[in-house]
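Student: Starting from the given sequences, assemble the full structure and let the hints guide the process.
To get the working numbering, take the position in the sequence shown, counting from 1, and add 1.
Careful: at least some of the hints might be erroneous.
What the hints assert, rightly or not - Cross-link-like lysine to any residue pairs, in silico, SDA-like; alpha carbons within 20 Å at most:
1) K386 <-> V140
2) K115 <-> L103
3) K115 <-> H280
4) K164 <-> A154
5) K386 <-> W302
6) K386 <-> W141
7) K386 <-> A375
If you're looking for bench data, these hints aren't it; they were derived computationally from the structure. Given the structure is predicted, the values throughout are model-derived calculations rather than measurements.
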Amino acid sequence: MTVQVFMVLLQCCLWVSLGNPALKVVPNGPPMPHMPKGPTAIRQDVKAEGREKSAAIDDLTAPKHADHAQATSQKAPAGSSLSLPCEDVYLFHSQVKRSPVLMYTSHISTWLAKSPHQAGVAAVAVVIGLLCAWNGPRVWHALVIAASSLIVAWLVHFEAVLKNLVPSLFAELVLTLAAASAVALAMHTGFEGSQVLVGAFAGFAAASYCSDWARTVDDHIAGAALLWYCFGGAFGTWILLAWRRELLSAVAPLFGSFLVVSGSGSLLSRAVSLPCLPHMGVWSVDALVLLGPAGTHALAWHMLCILLAVSCQRSGRPVLALSSLVAFTSLVALGALLAGIQCHKKDRRADGTRCPAFLAVPDNWQWQLSGCTAWVMLTLVSGWKQIVSSPPTSGAEQGRGIFDSRARGIYVPVEEVSTEDGLADKVDPLKTLLPSQQSAHGSPGLEKPLTLSGFVHSVHARRLGGEP
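Tutor: Right under this line is the structure:
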């Protein structure tokens, strides 16, 4: 009874505060006539104009909101305490006009396509590709930290310019560097925790990108699309934590070779003019041709090839894994070859009909053929080094791979020393050793203070040994 009375009083207070015009407060009054407008007043005017535009949009959508509110109030029972929160949630959803992630992604894509520094962009792509093709698992830590810092720096720059948060270019640089440094330090300190976020985001993005069938099924079975998104996020987290070594050994050769070939082709096209080189001079467009006529939809097929390669690698078939890795790229190169044989004159056959669109990108079959061929060859060389030549992971390491952390504080307890050996006084039972500090011959090495996990393992080892 007390809870119901409290809810009724709360609804009355909210109704009075929202519906009584006398309680509305004007935050900023008009400036005095004899006072000139300063920078603060100018910013307030700009914000006022933005609020007026938002109010105009709300006025246009107000009838729809009113109709929905009236319909909801008719459906809701009398005295229901859930009607007001539901209305707030609906109004909040109606105010979301555009996805911030898509807005930032579109801004980056536009900058890559229209930037005057295309040679620099291509050179950076070549450098990153060479690092990935050399040893992907080793440079993964540095790449994740650098990519996260750059993304946050871009977001801070975007918001600072849009909202005029900084007065000068120097202040903007300081703010951007501070945000990037903070993110880099956070990622380095808790790298294993960040891998959970990276895996979940990658899995969710892949699931949402391939969600056409899930949305169709969701029209008949409610919740099917949501289940697919959750499965994608969980699968991405699991595969990045459990199969990280094998996954990076498969992704790094393919992704690194793609960056090297696309960047090198874009740079060479600026020096010489050959039919087998790209013609656009824009790195993002030249790289998109290598994916084939499917465009970005080809990423789903590349992900499938990567998963097959990882599965074959874990089952002890590295050659089959390497073949699966370059399967789709080889098909794209074969399609360009068939298009060149049949449609060698302005994308038309000998009888004048147009070349099939699924074989090659129009007017770019030469670059698609040469680029994909170089992509396959470089992937085979890099993959042989990282997949075939690398030693297989032992069973103990596979079981420990899920919880293997770079975070400080995971220690292995020292072995129990018998008093008959005369070494008990030389070993401190409250000390543990790092796994990397234990040699193959069992030398004690450097000591670290015992942690809670090490103490629990030591107690468990004593109980298993039969000691009281």
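Student: The structure should be examined with respect to each hint, and the outcome stated for every one.
Tutor: Hints, one by one, checked against the model:
The hinted pair formed by K386 and V140 meets the criterion: a straight-line CA distance of about 15 Å does not exceed 20 Å. Proposed proximity of K115 and L103 is supported: the alpha carbons are some 18 Å apart, at most 20 Å. Taking the CA atoms of K115 and H280, the gap is about 16 Å. The hint holds against a cut of 20 Å. Proposed proximity of K164 and A154 is supported: the alpha carbons are some 15 Å apart, at most 20 Å.
As the CA atoms of K386 and W302 are separated by approximately 23 Å, the hinted pair breaks the 20 Å bound. Using a Cα cut-off of 20 Å, the hinted pair K386 and W141 holds, with the two alpha carbons roughly 16 Å apart. Straight-line distance between C-alpha atoms of K386 and A375 comes to about 17 Å, which keeps the hinted pair within the 20 Å bound.
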